[in-house]
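Based on the sequences and whatever the hints tell you, model everything.
Protein chains: 4
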Amino acid sequence: MAATDMDMAGLQRRLAEFAAARDWERYHTPKNLAAALSVEASELLEIFQWLTPEQSARVMADPETAHRVRDEVADVLAYLLQFCAVLDVDPLTALAAKLERNEVRFPVKGPEERPDPA
Amino acid sequence: MAATDMDMAGLQRRLAEFAAARDWERYHTPKNLAAALSVEASELLEIFQWLTPEQSARVMADPETAHRVRDEVADVLAYLLQFCAVLDVDPLTALAAKLERNEVRFPVKGPEERPDPA
Amino acid sequence: MAATDMDMAGLQRRLAEFAAARDWERYHTPKNLAAALSVEASELLEIFQWLTPEQSARVMADPETAHRVRDEVADVLAYLLQFCAVLDVDPLTALAAKLERNEVRFPVKGPEERPDPA
Amino acid sequence: MAATDMDMAGLQRRLAEFAAARDWERYHTPKNLAAALSVEASELLEIFQWLTPEQSARVMADPETAHRVRDEVADVLAYLLQFCAVLDVDPLTALAAKLERNEVRFPVKGPEERPDPA
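Residue numbers (my numbering), protein chains in the order written: chain Y, 1 to 118; chain G, 1 to 118; chain A, 1 to 118; chain X, 1 to 118.
Treat each hint with caution, since some may be false.
Identical chains share a label here; the pair holds if one copy fits it or two copies do between them.
[Unchecked claim] The list that follows gives simulated cross-link-like pairs (lysine to aspartate or glutamate, DMTMM-like), each with its CA atoms no further than 25 angstroms apart: (1) K98 with E54; (2) K98 with E17; (3) K109 with E43; (4) K109 with D7; (5) K109 with D90; (6) K109 with E17; (7) K98 with D88; (8) K98 with D7; (9) K109 with D88.
Don't read these hints as lab results, they were simulated from the structure. The model shown is predicted, which means the values in this text are computed figures rather than measured ones.
So this is what it looks like as structure tokens:
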């Protein structure tokens, strides 16, 4: 596997080839991919749903749970990249733009004025 | 902004600095970030929930909806990268590994044996 | 089983007894129950994610899928009722109140002014 | 409002009338309603996503948050009832059947053998 097959654009290409070889493209409407993305994000959350905050910070200590976490992260990223591909959205550019907006929207404050988001 | 600030690792670094400057790190347990990721994925799905498959393919033609789509994609990616950072998971490696497994799990078949996933 | 064990309040009581007998109450914080509710709602959505609108209307024709649908509906309702129990929210009253507000918020219009929500 | 308009069947009838009067039935495919249900469940979770378990137990003390909780509970129940109506599923019967199965699947154990689900 070439180095470029591991970056985001390379993975997006491999996902497209994978779907095309199986004739799965017809299922990949933006709506279906958004649904699948939210389903996979919930499967990631499921791992944590009954854990205390402290337990949730230690999930990678158990090899089986660590594998499950990596597997669900892969699924979330796979559907995010496929969603972005069908709508021609660049996720890195979208995030960079959002970070610029958020710098303005949430200015850094001195500790005394810092609101508790909860 | 340097070119490297736009790749995945660079964005992960900027997200970490953004949270640290606002003292938001204490909210960023793996459990909370997994919840936030699933909430944002649902906000993306919300854009599509009443659309036909055909309408869902045309969402980027409306500038306001296109902006909303990019904004929610950015939020999903932001929480995915922050989740991965706190648990030291590399999302690109996780996806590459999953793709290898899926090549074996879903072999390409001739058209006559191709199952309809629906 | 008495008739009253089948109404909403009766089911809520049986769910509480079920959790108490297994010492699961300590896991049932409002936050955890809200997460579990959203996870189960996604498992229901998963059944439909690759279906066309037409296929989605026929899911109950297949006995196995019909069982899965009923099973996920049960899980969603179970967590909704348990969430409402721990926060002392009456879901029927909440829905009746919302319906009153929505009658005002979305007045019935003549066909010529009816907006397309999509 | 008659007493029977407040029970589950009565609310289901009012929801059906509400949708029919606005010509929204064509949007109410099982797939769309399952998506909307999961979106509303996530909006409920959003209220809790940054809270500690302890803070999550006190949300009803703040009138504005309490209203938001009741409002999202209403939305979840509304879409669950509408989903069940279009597929002719009785949610109370489904839950009663599930409780029967779970009594067998998770037998009550003595404290010494009680597994920690986390």
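Status of the hints after comparison with the structure:
Taking CA atoms no more than 25 angstroms apart as the test, K98 paired with E54 passes in neither setting, with 30 angstroms inside one copy and 28 angstroms between copies. In this assembly of identical chains, the alpha carbons of K98 and E17 lie at most 25 angstroms apart only when taken from different copies (15 angstroms versus 30 angstroms within one copy). Proximity of K109 and E43 under a CA criterion of 25 angstroms is satisfied in neither setting, with 36 angstroms inside one chain copy and 28 angstroms between copies. Within a single copy, K109 and D7 get their C-alpha atoms no closer than 36 angstroms, and across copies no closer than 28 angstroms, so neither meets the 25 angstroms cut-off.
In this assembly of identical chains, K109 and D90 lie within 25 angstroms of each other by CA distance neither inside one copy nor across copies; the values are 31 angstroms within and 32 angstroms between. In this assembly of identical chains, the alpha carbons of K109 and E17 lie at most 25 angstroms apart only when taken from different copies (14 angstroms versus 48 angstroms within one copy). Within a single copy, K98 and D88 get their C-alpha atoms as close as 17 angstroms, and across copies as close as 23 angstroms, so both meet the 25 angstroms cut-off. Both within a single protomer and between protomers do K98 and D7 lie at most 25 angstroms apart by alpha-carbon distance, with minima of 21 angstroms and 14 angstroms respectively.
For the identical chains of this complex, K109 and D88 are neighbours neither inside a copy (37 angstroms) nor across copies (29 angstroms), given an alpha-carbon limit of 25 angstroms.
Hints 1, 3, 4, 5, 9, counting from the list given before, are not met by this structure.
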